[in-house]
Amino acid sequence: MMAKNKDSRRLFLKRGSMLALAGFTGLDIVFGENMPEGYVPVILEGDDPFKLFNKHKDMSLLNDKPWNMEAQAHLLDDRITPESRIFIRNNGLIPEKADPKKWTLTVDGESVIKAKTYTLDELKSKFKQYTYQLTLECGGNGRSEYDPPAKGNQWTIGAVACASWTGIRLRDLLEDVGIKGDAVYVGYYGADKHLSGDENKVVISRGVPISKAMQDETLIAFAMNGKDIPLVHGYPLRMVAGGWPASTSGKWLNKLVVRNKVHDGPKMEGSSYRVPCESVPPGAKVEDKDMCIIESMPVKSLITYPQSGAMIDENKQLDIRGHAWAGEFEVSSMKYSIDFGATWHKCELEKSANRLAWQHWKAKVRFPKKGYYEVWAKATDSNGVGQPMVVPGWNPKGYLNNACHRIAVKVK
Amino acid sequence: MKEDKFIRLIERCFNALLAVTIITLMFPFAAYYFICTYEGKVDNEEEVVVEQVMKVDDGITTDDNEILNGVHVNSGLIEDKGYEIVFATCTKCHSAKLVTQNRATREGWESMIRWMQRTQKLWDLGENETLILDYLSKNYAPEKKGRRAALSNIEWYELKD
Numbered sequence: 001m002m003a004k005n006k007d008s009r010r011l012f013l014k015r016g017s018m019l020a021l022a023g024f025t026g027l028d029i030v031f032g033e034n035m036p037e038g039y040v041p042v043i044l045e046g047d048d049p050f051k052l053f054n055k056h057k058d059m060s061l062l063n064d065k066p067w068n069m070e071a072q073a074h075l076l077d078d079r080i081t082p083e084s085r086i087f088i089r090n091n092g093l094i095p096e097k098a099d100p101k102k103w104t105l106t107v108d109g110e111s112v113i114k115a116k117t118y119t120l121d122e123l124k125s126k127f128k129q130y131t132y133q134l135t136l137e138c139g140g141n142g143r144s145e146y147d148p149p150a151k152g153n154q155w156t157i158g159a160v161a162c163a164s165w166t167g168i169r170l171r172d173l174l175e176d177v178g179i180k181g182d183a184v185y186v187g188y189y190g191a192d193k194h195l196s197g198d199e200n201k202v203v204i205s206r207g208v209p210i211s212k213a214m215q216d217e218t219l220i221a222f223a224m225n226g227k228d229i230p231l232v233h234g235y236p237l238r239m240v241a242g243g244w245p246a247s248t249s250g251k252w253l254n255k256l257v258v259r260n261k262v263h264d265g266p267k268m269e270g271s272s273y274r275v276p277c278e279s280v281p282p283g284a285k286v287e288d289k290d291m292c293i294i295e296s297m298p299v300k301s302l303i304t305y306p307q308s309g310a311m312i313d314e315n316k317q318l319d320i321r322g323h324a325w326a327g328e329f330e331v332s333s334m335k336y337s338i339d340f341g342a343t344w345h346k347c348e349l350e351k352s353a354n355r356l357a358w359q360h361w362k363a364k365v366r367f368p369k370k371g372y373y374e375v376w377a378k379a380t381d382s383n384g385v386g387q388p389m390v391v392p393g394w395n396p397k398g399y400l401n402n403a404c405h406r407i408a409v410k411v412k
Numbered sequence: 001m002k003e004d005k006f007i008r009l010i011e012r013c014f015n016a017l018l019a020v021t022i023i024t025l026m027f028p029f030a031a032y033y034f035i036c037t038y039e040g041k042v043d044n045e046e047e048v049v050v051e052q053v054m055k056v057d058d059g060i061t062t063d064d065n066e067i068l069n070g071v072h073v074n075s076g077l078i079e080d081k082g083y084e085i086v087f088a089t090c091t092k093c094h095s096a097k098l099v100t101q102n103r104a105t106r107e108g109w110e111s112m113i114r115w116m117q118r119t120q121k122l123w124d125l126g127e128n129e130t131l132i133l134d135y136l137s138k139n140y141a142p143e144k145k146g147r148r149a150a151l152s153n154i155e156w157y158e159l160k161d
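Residue numbers (our numbering), protein chains in the order written: chain D, 1 to 412; chain X, 1 to 161.
Mixed in with the good hints, there may be bad ones.
What the hints assert, rightly or not - Pairwise CB distance ranges, derived in the manner of DEER restraints: (1) X:Arg148 / D:Gly371: 15 to 25 Å; (2) X:Trp156 / D:Lys128: 46 to 56 Å; (3) X:Trp156 / D:Lys116: 11 to 21 Å; (4) X:Glu107 / D:Glu278: 54 to 64 Å; (5) D:Asp228 / X:Thr105: 31 to 41 Å; (6) D:Val184 / X:Ser111: 46 to 56 Å.
Unchecked claim - Within a straight-line C-alpha distance of at most 35 Å, the following computed DSBU-like cross-link-like pairs (lysine-lysine) qualify: (7) D:Lys410 / X:Lys121; (8) D:Lys128 / D:Lys351; (9) D:Lys201 / X:Lys121; (10) X:Lys160 / D:Lys151; (11) X:Lys138 / D:Lys410; (12) D:Lys261 / X:Lys144; (13) X:Lys145 / D:Lys114; (14) D:Lys114 / D:Lys128; (15) D:Lys346 / X:Lys145; (16) D:Lys116 / D:Lys102; (17) X:Lys160 / D:Lys397; (18) D:Lys151 / D:Lys285; (19) X:Lys138 / D:Lys285; (20) X:Lys145 / D:Lys370; (21) X:Lys138 / D:Lys351; (22) X:Lys160 / D:Lys285; (23) X:Lys138 / D:Lys261; (24) D:Lys370 / D:Lys397; (25) D:Lys362 / X:Lys138; (26) D:Lys370 / X:Lys144; (27) X:Lys138 / D:Lys193; (28) D:Lys126 / D:Lys151.
By construction, these hints were calculated from the structure, which means they are not laboratory data. We put the beta carbon where it would ideally sit given N, CA and C, even for glycine.
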């Protein structure tokens with residue numbers, strides 16, 4: 001009865017949860033000491049994550065500590081994904097405050113001639129700004145389909161988005177700092193906090209090889225869809241490396257390191273964002289030394305209209321549409337099938353707005369007679385590599401599932 | 001005589017007026033006093049209640065312990081032997097959703113624990129580890145999915161132009 005009193009409940013949670021859990025379990029809570037003072041998992045405060053992060057009500061919440069949320073295919077129908085439909089991927093806790101006046105970015109590492117620090121204003125005023133539509137997809141998008149299952153957030157198909165990003169070129173920044181000839185990799189560090197509460201523990205620090213860092217479209221961004229980047233997506237500053245696992249696009253960016261070897265920050269090693277260099281049977285144990293870092297994401301597509309489950313009248317033509325993308329490459333053809341891959345039909349495919357933006361496609365479908373159908377979509381990239389209809393090669397962490405998307409349709 | 005009466009009348013009126021004024025002036029003070037003491041009582045009660053909840057439940061309020069259809073409502077964990085220890089241990093750092101959305105064999109769950117101990121500051125679970133592994137491997141065991149599962153949970157709707 002008393003727990004219904006919001007204030008006393010809140011007070012109780014704040015004062016009691018850590019200490020009380022220890023009593024409840026008889027465990028020695030090692031983390032208790034490290035937990036930031038007064039930190040209460042946000043979900044316990046009764047906040048609504050959809051309001052908190054300005055997300056569409058049909059987004060699905062996979063995890064609330066850390067926050068992870070994905071879209072459904074039909075939510076991604078826009079050509080440029082609006083904030084409300086962009087997936088949320090976090091490895092740690094979102095920084096509570098980000099003061100743009102005090103925010104700085106330091107560029108350091110073995111391969112810089114001299115470390116340099118910039119304020120946000122300096123970055124915005126000193127360098128030319130560029131805007132690109134860039135596809136960001138979580139390396140683990142589609143993980144839920146792997147068998148045997150892979151650990152981690154069980155993404156289905158919605159951890160992908162293509163927003164419009166504005167910022168400066170990483171290349172221009174590196175040239176201004178001055179880098180040595182032995183530079184191999186650029187690693188990032190951000191202001192997010194480790195789940196354990198340990199202030200000294202880095203949540204995630206990945207990055208890209210110099211060749212990717214030097215591309216025109218690799219940005220240090222401060223705006224998304226024409227506005228300041230929302231806090232959950234990295235305000236006030238983040239990397240955006242389109243076409244690569246989104247974990248290479250570090251959020252809340254405050255430090256870059258130019259390395260003379262492959263960057264070795266947390267989540268660069270072991271099975272994180274790495275797959276077996278040589279394919280393995282499902283469920284195999286793979287040694288760390290036999291794992292290779294994921295670079296370009298594979299070719300993939302989505303049917304964003306209609307939503308799966310559409311019932312239409314016989315003799316009615318069905319308009320279908322969606323997007324296709326191919327990591328570093330271009331999508332060169334797009335096809336659909338209504339007979340489980342027995343026959344494929346061409347879709348109309350647009351060129352991308354710029355390199356690394358997803359491409360839009362559409363088609364008109366006629367069904368021969370009444371019945372249950374599945375519309376399958378398949379993209380093929382400029383190297384002639386297409387999407388598989390079954391789940392592709394198994395890997396320990398369940399990355400890179402680019403199997404064809406399909407929707408159910410009933411003709412009455 | 002008439003004058004006396006008049007003076008007495010005036011006096012009575014004055015007295016009445018004085019009484020009314022005094023009462024009127026006193027009222028806000030009385031009300032203020034009343035409100036203060038009343039709120040004070042509420043405050044005290046609440047404090048006592050909070051202490052009681054902490055003592056009685058030792059960490060989880062009645063609401064937080066609610067089980068519905070065999071599931072711990074607050075976390076989504078399946079109610080079975082050891083769920084309390086799993087809840088208390090795992091949600092120290094991450095959401096219970098990270099447990100409930102995953103499936104693994106006993107060996108798989110053990111390797112996740114070892115990984116968290118190696119890299120995420122998870123402590124030695126002592127004798128609780130067996131209990132936790134029993135619970136996880138029983139309630140969150142892998143199911144065969146094959147190479148591609150059939151579409152499921154389709155929500156049918158009439159598509160109008």
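Against the structure, the hints come out as follows:
1. As the Cβ distance of Arg148 of chain X to Gly371 of chain D is approximately 21 Å, the hint placing it in 15 to 25 Å holds.
2. Between Trp156 of chain X and Lys128 of chain D the C-beta distance comes to about 52 Å, which sits within the given range of 46 to 56 Å.
3. About 59 Å separates the C-beta atoms of Trp156 of chain X and Lys116 of chain D, a value inconsistent with the hinted range of 11 to 21 Å.
4. Between Glu107 of chain X and Glu278 of chain D the Cβ separation comes to about 23 Å, which falls outside the hinted range of 54 to 64 Å.
5. Here the CB-CB span from Asp228 of chain D to Thr105 of chain X is close to 46 Å, at odds with the stated 31 to 41 Å.
6. Hint check: Val184 of chain D to Ser111 of chain X, Cβ distance near 31 Å, so the stated range 46 to 56 Å is violated.
7. Among the hinted pairs, Lys410 of chain D with Lys121 of chain X is inconsistent with the structure: their alpha-carbon atoms are about 51 Å apart, more than 35 Å.
8. For the proposed pair Lys128 of chain D and Lys351 of chain D, the alpha carbon gap of about 26 Å is at most 35 Å, so the pair holds.
9. Annotation: proposed proximity of Lys201 of chain D to Lys121 of chain X holds, straight-line Cα distance about 9 Å (limit 35 Å).
10. At roughly 41 Å between alpha-carbon atoms, Lys160 of chain X and Lys151 of chain D are farther apart than 35 Å, so this suggested pair is violated.
11. This hinted pair does not check out: Lys138 of chain X and Lys410 of chain D have alpha carbons roughly 39 Å apart, beyond 35 Å.
12. Restraint check for Lys261 of chain D and Lys144 of chain X: not satisfied, since their Cα atoms lie roughly 41 Å apart, outside the 35 Å limit.
13. Annotation: proposed proximity of Lys145 of chain X to Lys114 of chain D is violated, straight-line Cα distance about 53 Å (limit 35 Å).
14. Of the pairs offered as hints, the one joining Lys114 of chain D and Lys128 of chain D holds, with about 22 Å between alpha carbons and a cut-off of 35 Å not exceeded.
15. Using a Cα cut-off of 35 Å, the hinted pair Lys346 of chain D and Lys145 of chain X holds, with the two alpha carbons roughly 30 Å apart.
16. Distance check on the hinted pair: Lys116 of chain D and Lys102 of chain D sit about 16 Å apart at the alpha-carbon level, within 35 Å; holds.
17. Straight-line distance between C-alpha atoms of Lys160 of chain X and Lys397 of chain D comes to about 41 Å, which puts the hinted pair past the 35 Å bound.
18. Taken as a hint, the Lys151 of chain D and Lys285 of chain D pair is honoured in the structure, with Cα atoms around 14 Å apart against an allowance of 35 Å.
19. Restraint check for Lys138 of chain X and Lys285 of chain D: satisfied, since their Cα atoms lie roughly 22 Å apart, inside the 35 Å limit.
20. In summary, the hint linking Lys145 of chain X to Lys370 of chain D is supported, as the alpha carbons are separated by about 29 Å, within the 35 Å threshold.
21. Distance check on the hinted pair: Lys138 of chain X and Lys351 of chain D sit about 50 Å apart at the alpha-carbon level, beyond 35 Å; violated.
22. Distance check on the hinted pair: Lys160 of chain X and Lys285 of chain D sit about 50 Å apart at the alpha-carbon level, beyond 35 Å; violated.
23. Pair hint Lys138 of chain X plus Lys261 of chain D does not hold up; C-alpha atoms about 44 Å apart against a cutoff of 35 Å.
24. Taken as a hint, the Lys370 of chain D and Lys397 of chain D pair is broken in the structure, with Cα atoms around 41 Å apart against an allowance of 35 Å.
25. Only pairs whose Cα atoms come within 35 Å are accepted, and Lys362 of chain D paired with Lys138 of chain X is rejected, the gap being roughly 46 Å.
26. Taking the CA atoms of Lys370 of chain D and Lys144 of chain X, the gap is near 32 Å; set against the 35 Å cutoff, the hint holds.
27. The straight-line distance between the Cα atoms of Lys138 of chain X and Lys193 of chain D is roughly 33 Å, inside the 35 Å bound, and the hint therefore holds.
28. Simply put, Lys126 of chain D and Lys151 of chain D have alpha-carbon atoms about 44 Å apart, too far for the 35 Å limit, and the pair is violated.
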